[in-house]
Amino acid sequence: MSAAPALSRREFLLASGALVVAASGTWEAARVLAQAGTLPPGPSPEALDSWIAILPDGSAEAFFGKMDMGQGLEVAIAQIVAEELDLAVEHVRVRMGDTATTCNQGGASGSSGVSLGARPLRNAAAEARRILLERAAARLGVPAGELSVANGIVSAGAERARQVSYGELLGGQHFDAHVEWNRAVGNFMDVKGRAQPKPRGQYRLVGTSVPRRDVAGKIFGTSDYVTDVRVPGMLHARMVRPPRAGSTIASVELGSVRNARVVREGEFLAVVAEHEWDAVQAARSLEVQWTPHAGEPFPGSDGLHEHIRGAPVVKREDTVKTGDTAAAFATAARVIEAEYHWPLQSHASMGPACAVADVRAGEATVWTGSQKPHSTRDGVAKLLGLAPEQVRGIWVMGPGSYGRNDAGDAAHDAAYLSKLTGRPVRVQGMRHDGTAWDPKGAACVHRARAALDAHGQVIGYEFISKGLSRVNVMFNESDPRDCLAGQSLGLPLNPGAGLGTPAESYAFAAKLLAWEVVPALLERCSPVRTSHLRDPLGPEVHFGSEQFIDELAVATGKDPIAFRLEYISAPRDAAVVRAAAERSGWQPREPARRARGRVLEGRGIAYAQRGDTVVAVVADIEVYPKDGRIWARRFTVAHDCGLIINPQSLRQTIEGNIVQGLSRTLFEEVRFDRDSVLSVDWASYPILELRDAPESIDIVLIDSADVAPSGAGEPTMRCVPAAVANAFYAATGVRLRRAPLSPERVRAALAHS
Amino acid sequence: MGTVQFTLDGRAVSVEADPNMPLLYALRNDLGYNNPHFGCGLAQCGACTVHLEGQALRSCVTPLASVAGKTVTTLKGLGTPERPHPVQQAYLEEQVPQCGYCVNGWIMTAAAFLAGNPKASEAQIREALAGLKCRCGTHLSILRAIKRAQSLMARGGSAA
Numbered sequence: 001m002s003a004a005p006a007l008s009r010r011e012f013l014l015a016s017g018a019l020v021v022a023a024s025g026t027w028e029a030a031r032v033l034a035q036a037g038t039l040p041p042g043p044s045p046e047a048l049d050s051w052i053a054i055l056p057d058g059s060a061e062a063f064f065g066k067m068d069m070g071q072g073l074e075v076a077i078a079q080i081v082a083e084e085l086d087l088a089v090e091h092v093r094v095r096m097g098d099t100a101t102t103c104n105q106g107g108a109s110g111s112s113g114v115s116l117g118a119r120p121l122r123n124a125a126a127e128a129r130r131i132l133l134e135r136a137a138a139r140l141g142v143p144a145g146e147l148s149v150a151n152g153i154v155s156a157g158a159e160r161a162r163q164v165s166y167g168e169l170l171g172g173q174h175f176d177a178h179v180e181w182n183r184a185v186g187n188f189m190d191v192k193g194r195a196q197p198k199p200r201g202q203y204r205l206v207g208t209s210v211p212r213r214d215v216a217g218k219i220f221g222t223s224d225y226v227t228d229v230r231v232p233g234m235l236h237a238r239m240v241r242p243p244r245a246g247s248t249i250a251s252v253e254l255g256s257v258r259n260a261r262v263v264r265e266g267e268f269l270a271v272v273a274e275h276e277w278d279a280v281q282a283a284r285s286l287e288v289q290w291t292p293h294a295g296e297p298f299p300g301s302d303g304l305h306e307h308i309r310g311a312p313v314v315k316r317e318d319t320v321k322t323g324d325t326a327a328a329f330a331t332a333a334r335v336i337e338a339e340y341h342w343p344l345q346s347h348a349s350m351g352p353a354c355a356v357a358d359v360r361a362g363e364a365t366v367w368t369g370s371q372k373p374h375s376t377r378d379g380v381a382k383l384l385g386l387a388p389e390q391v392r393g394i395w396v397m398g399p400g401s402y403g404r405n406d407a408g409d410a411a412h413d414a415a416y417l418s419k420l421t422g423r424p425v426r427v428q429g430m431r432h433d434g435t436a437w438d439p440k441g442a443a444c445v446h447r448a449r450a451a452l453d454a455h456g457q458v459i460g461y462e463f464i465s466k467g468l469s470r471v472n473v474m475f476n477e478s479d480p481r482d483c484l485a486g487q488s489l490g491l492p493l494n495p496g497a498g499l500g501t502p503a504e505s506y507a508f509a510a511k512l513l514a515w516e517v518v519p520a521l522l523e524r525c526s527p528v529r530t531s532h533l534r535d536p537l538g539p540e541v542h543f544g545s546e547q548f549i550d551e552l553a554v555a556t557g558k559d560p561i562a563f564r565l566e567y568i569s570a571p572r573d574a575a576v577v578r579a580a581a582e583r584s585g586w587q588p589r590e591p592a593r594r595a596r597g598r599v600l601e602g603r604g605i606a607y608a609q610r611g612d613t614v615v616a617v618v619a620d621i622e623v624y625p626k627d628g629r630i631w632a633r634r635f636t637v638a639h640d641c642g643l644i645i646n647p648q649s650l651r652q653t654i655e656g657n658i659v660q661g662l663s664r665t666l667f668e669e670v671r672f673d674r675d676s677v678l679s680v681d682w683a684s685y686p687i688l689e690l691r692d693a694p695e696s697i698d699i700v701l702i703d704s705a706d707v708a709p710s711g712a713g714e715p716t717m718r719c720v721p722a723a724v725a726n727a728f729y730a731a732t733g734v735r736l737r738r739a740p741l742s743p744e745r746v747r748a749a750l751a752h753s
Numbered sequence: 754m755g756t757v758q759f760t761l762d763g764r765a766v767s768v769e770a771d772p773n774m775p776l777l778y779a780l781r782n783d784l785g786y787n788n789p790h791f792g793c794g795l796a797q798c799g800a801c802t803v804h805l806e807g808q809a810l811r812s813c814v815t816p817l818a819s820v821a822g823k824t825v826t827t828l829k830g831l832g833t834p835e836r837p838h839p840v841q842q843a844y845l846e847e848q849v850p851q852c853g854y855c856v857n858g859w860i861m862t863a864a865a866f867l868a869g870n871p872k873a874s875e876a877q878i879r880e881a882l883a884g885l886k887c888r889c890g891t892h893l894s895i896l897r898a899i900k901r902a903q904s905l906m907a908r909g910g911s912a913a
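Residue numbers (this note's numbering), protein chains in the order written: chain A, 1 to 753; chain B, 754 to 913.
20 Å max Cα-Cα, derived SDA-like pairs, lysine to any residue: (1) B:Lys829 - A:Thr222; (2) B:Lys900 - A:Arg691; (3) A:Lys382 - A:Pro40; (4) A:Lys198 - A:Leu133; (5) B:Lys829 - A:Gly217; (6) B:Lys872 - A:Arg691; (7) B:Lys900 - A:Asp698.
Calculated from the model, a selection of chain B residues having no Cβ within reach of chain A, i.e. all distances over 12 Å: (8) Leu805; (9) Ala809; (10) Asn870.
For the record, the hints were derived by calculation from the structure and aren't laboratory data. By construction, the Cβ of each residue, glycine as well, lies at the ideal position given by its N, Cα and C atoms.
Whole structure, please, built from the sequences with the hints as guidance.
Structure follows, in structure tokens:
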């Protein structure tokens, strides 16, 4: 990939050949932007041209302020835009992730790519069609209501004697039209024109399995990743992090590197070189004297949950509080209690993050794999003392992205190194940067208890999650205080406090769901700082809550499906539980088999909501007591995310959720001692391999076409841990209340049973 | 520094570099072959895999000097959109990748394995591809694609 300097959107379009803009034409977005300080940086959301362009050949471009991490969002957006424009889907190109050409729709965030991200595109495309028909009516001398459109050709009359194409009507010209913007920036940004989008009954593209367009480039090695971006004159860099957390630099031996030089400001330390291999070697050979942290900052991973139990609460929130739980427990005939532990986990993206930055006087360009390049732009601007308008963030597919991983740090590192060296800089992590130094998914302890009356009815229910904040650093990098660069340069900290509670519809008469956050283990430049990891707090919380529901079913002598259906209050929730049970051939639970030395089999269910999406997952597992192995052989998923855009990519997204969720359930735990992370690579942070992949994942898609699409990027993942743990109980009669359900833990649990 | 000559995707190439530098850096930075990826630098994930004389090799830990005079094949040399390798064709039909960063390793390793074991069972495939990582969790698509590649090869496609 070759480099591009910061371009205005107009210049960008000209340079890319995408639009031939008439010399006399105005550029509405840029003009409005220059005059009104109240608009966000980048293209104006109030200009239709910021969303849709019609090219001279009659095809369309859609400018999308989120991005596809490989789950098929790009083609879904193309389908939605093509649907509204009455174009063939192959004639819609989606441009994503460049802050110069897209509005800030929040990047990839919270499974909202379709549910929120598609809304302004759908409305803008409908408005574009309305304007095109208006022009066609004038051109053909026929009322717009008597026109029809197919594949971008507008026709008049039944015999279609007169027709005109989108390309002839507008190709290469701007709409110069206004759309009403809801003033939101980020996920909830929306616009509306005068046109109403199509009624769903008229859909011909939405709901069909149009193949993705990013696949061939990945298979033939022809598409670029951020690691492939090369800028003329760029330096290669590697960051140097302290080997023991909280250490500070006492001295650096500048002569300890060859063909490279040391760049340092405060605790911000790197080596740069003309050649990448020299930078890699210099980072290894650099001699640094470190001043250790006063005291040992960490409790160690084995002591983490005991630490959390005893740590002070900095913030608490009761998210659900109905009825009088205290009275229920006071009058209970029986109280059931349990505690569940979830570990710190790493994004451990497929490759460590990489970024390239070119910082010049008054402007900067950053190429990043971050799923939120608009945030990268904002953060880098603050770090460099520039206005956001002076920074261009360009997303290029990174080596995997599942939330706030190390990409945000790499972008800031590259930008600051470019500023300090006066050269474009490419920084890439080594494996330990991606595993030991990425922000981690929060660890937590869940305390659950239920009050039963004399008939076994649940009259009181409490589920309280206590843990590290989900956001020791913010879930995007729009502020350099949330990045290692800013923290190592001594910027004040910006910690957030929040966790999560179960998302379900169990109608217990008295119910309390709450979370409590404890202080960060280390405040500044911590390798175990927390932030969002795919489906933040989803697997963490529901590992406990959906196991506890199972424990209540067992305690009251009821089948886990029947117990759930007795208390679930939302009809769509009950429907997915029933659908998963039916498809999996669920039979009321048989007594647990506990014979040793042979394979044990068990089946478990878990269900959860995520936003308006509901999912139920049944896991069929095999337990090999001798070596402690769990093989989750078969999954059955019932999934309702409202209107389905593309069934094929939805199914594969669900599969990815199951497998990544299974990896986190069975294998993943960040190990650390008193001051160092010990999980630094794939050997010390193992993830699921092919041998442990399920044999089948059977998916029931419930197409609630009358319900707005509500997202599928994450919801399934939160059901996996408890479904497997419940299956383990069914197989063995033993509860595993601490994740991951690793072979060592399985062997230990069975030995003590 | 030294000069190392070898054959890359059917073309004679020459690299002047530290002979101990891993082949991966030469491929990416000196020769402009981007599809072998840096994933770990430790031979633990497979993202950097190429073929050396037809055998899968982790280029991130292979000294440049060790391929002197030999034949190296990358993903681009394995097949093209016009003439895809059966594993690539199957990957396309199954729409396997998500982020796709790992794809190079899986395709190159599977292609080398299937060349010698065209009728491997699923259990054998699962064992043969141990040590490859996919963080997005596309493993079921991968298995479907490899089985599809086996039938494509049985119907006359080439394995190498």
